[in-house]
Amino acid sequence: MADIIKLLPDHVANQIAAGEVVQRPASVVKELMENAIDAGATAIKLIIKDGGKTLIQVVDNGVGMTETDARLSFERHATSKISSAQDLFNLQTKGFRGEALASIAAIAHVDMQTRTNVNEIGTQIKIEGSKIVSQDVVATPKGTSISVKNLFFNIPARRNFLKSNQVELRHITDEFQRVAMVHPNIEFHFYNNGSEIFNLPITKPRQRIVHIFGSKMENRLVPVNEETEVVKVSGFICKPEFAKKSRGEQFFFANNRFIKSPYLHHAVVAAFEGLIKSDTYPGYFLYLDVDPSSIDINIHPTKTEVKFDDENTLYAILRSTIKHSLGQFNVAPVLDFDHDPNLDTPYSYKEKGAIIPKVTVDAAFNPFEETATQRSNGGGSFRKQSAKGWEDLYEGLGHQSDQNTFSSIVIESESEEQGTLYSGEEVEEHLASTFQLRRKYVVSTVKSGMLVIHQNRAHERVLFEKFLGEITVKEGVSQQLLFPLELTFNQQELTVLKEIHESLTNIGFAFQSLDEETVKVTGVPMMVPESGIGTVLDRLIADYTEGFADGSISQAEMLAKALSRNLAVKTGNVLDQESQLMLVNNLFACKEPTLSPFQKITYTIISEGDIDKKFN
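Heads up, the sequence shown is in this note's numbering, so the first residue is 1227 and it goes up one at a time.
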């Protein structure tokens, strides 16, 4: 039998390896920026075009490479970071596998220019699909500049699976932030399609976080600092009152490398127990320094999954450190001399609702009737005057009251009410039979039995179809604010707002400007309360960024889902009977009343037969 096993060519092996190393343009950005940091750069520039599909360029002022090193750097498993297997247990650099440049060169057009400090001229190498097209001498500044063009040009299937430019840019921005946050001693510049997104000077860790996430982060950060024999913990956590519904601002760094660790994340959440709601997540920027021999980062080419020798000890130290910081910096009372204690609601009245004042009238009261006191005065100074003719003051009003009292009140009703379960004659009958169960379900009766509606999911469906229609036909009603509301957003949040600006305008939002860090909101949809504008926009941006912006559904549907989830009536809210009946009617007027926008059942019908079976 002939031999059938043979070695794969290098360019084929590189393409296979590229499937793990280069998953999207953000992977290229991560690898090239980490190489620049390992080269000792003090200034790094990132240039992006078309979400990284057309161009990814990283320019640094590091040590550069000689002609031989530049050629050898594109070979598989060629690296300057380690020389033996023992070095894997004492890693001090970002990269060490020697796969990144070879993988990138296998699936893109790469142009590298590099020069060392001792050489007067540098080297330029052009590679297309692992094939070296040219190698020339070039005049270039000290350091290295790598341009990656036409990513996945020879793998059309992978290129077709890339998302929109905005989604890919968001992933690139995430990788840029992760690298920039852990290296405040390096100057970073980020350009996208010719416009500057980030300009980060050399600074301290706290200021680096503020520069990335905006000035509003300055007052939210609580410092964390603890040093033990096992680990040194430093960084910042966000105050409990700024906990969010999304997981956006949560960063772990181990030995200056971004990592993902659900176990350590649970330690942080456990430290916030009792201080935040169960459905919110705290923000944190935590840096862990551990012995390199006690951590294994060689699990996946992305190097974000790590293993610690003693995770239980790390968990306990991290949890107690955060609790100590919260107690030391956050629990202390704040003196507010502008606060008026007279406006505080007494504790015993916090859960009580408002009571409508009632006016009582004594119908038997006669102001002209002589009282016993007046009679006892006899010949006193008071003398009753004749009240004859008082009726003339109201002459003519008695006849008009019957005709004009309600003439200006017009009761409007919807011209078309599709899908209602009850006719006009049956409304009063069913109004009394509709009730709320445990502030979660709306129960009503139908011909076949009992209707049980999940109030939150049902309202999500109603609002989803309403907002989707307004975005599509561009007929959203806007409520103009008397005084514009100023909100602060960071650069990434501003990018999302610009991306969805047109759809937000169609719904009813109105913005004065989206070019500055402070955005003025001049109008909101009718359903959004003025006090909740900031919260709604924050959740909308978070939902759009994390939950829905995967490219599988349209932008209009993403926004409609996000708005419906944030504005729908929540479990625990009390509904009066009119609201309950309206929810029932509006739900069954929807095109798809059985499921919420998130594909969950909105209602169920318990038949009379099912109820009878319970008694048999």
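Hints were generated in silico from the structure; no laboratory data involved.
Warning: the hint list may mix true and false statements.
Each computed DSSO-like pair below joins lysine-lysine, with the alpha-carbon atoms no more than 27 Å apart [as the list claims (entries may be wrong)]:
hint, residue 1, residue 2
1, 1470, 1746
2, 1503, 1271
3, 1692, 1817
4, 1796, 1817
5, 1666, 1430
6, 1533, 1503
The structure displayed is predicted, hence computed values, not measured ones.
Do the hints match the structure? See the list:
{"no.": "1", "hint": "1470 - 1746", "in the structure": "holds, 22 Å"}
{"no.": "2", "hint": "1503 - 1271", "in the structure": "violated, 41 Å"}
{"no.": "3", "hint": "1692 - 1817", "in the structure": "holds, 11 Å"}
{"no.": "4", "hint": "1796 - 1817", "in the structure": "holds, 22 Å"}
{"no.": "5", "hint": "1666 - 1430", "in the structure": "violated, 49 Å"}
{"no.": "6", "hint": "1533 - 1503", "in the structure": "violated, 30 Å"}
Going down the numbered hints, you'll see the structure goes against 2, 5, 6, while the others check out.
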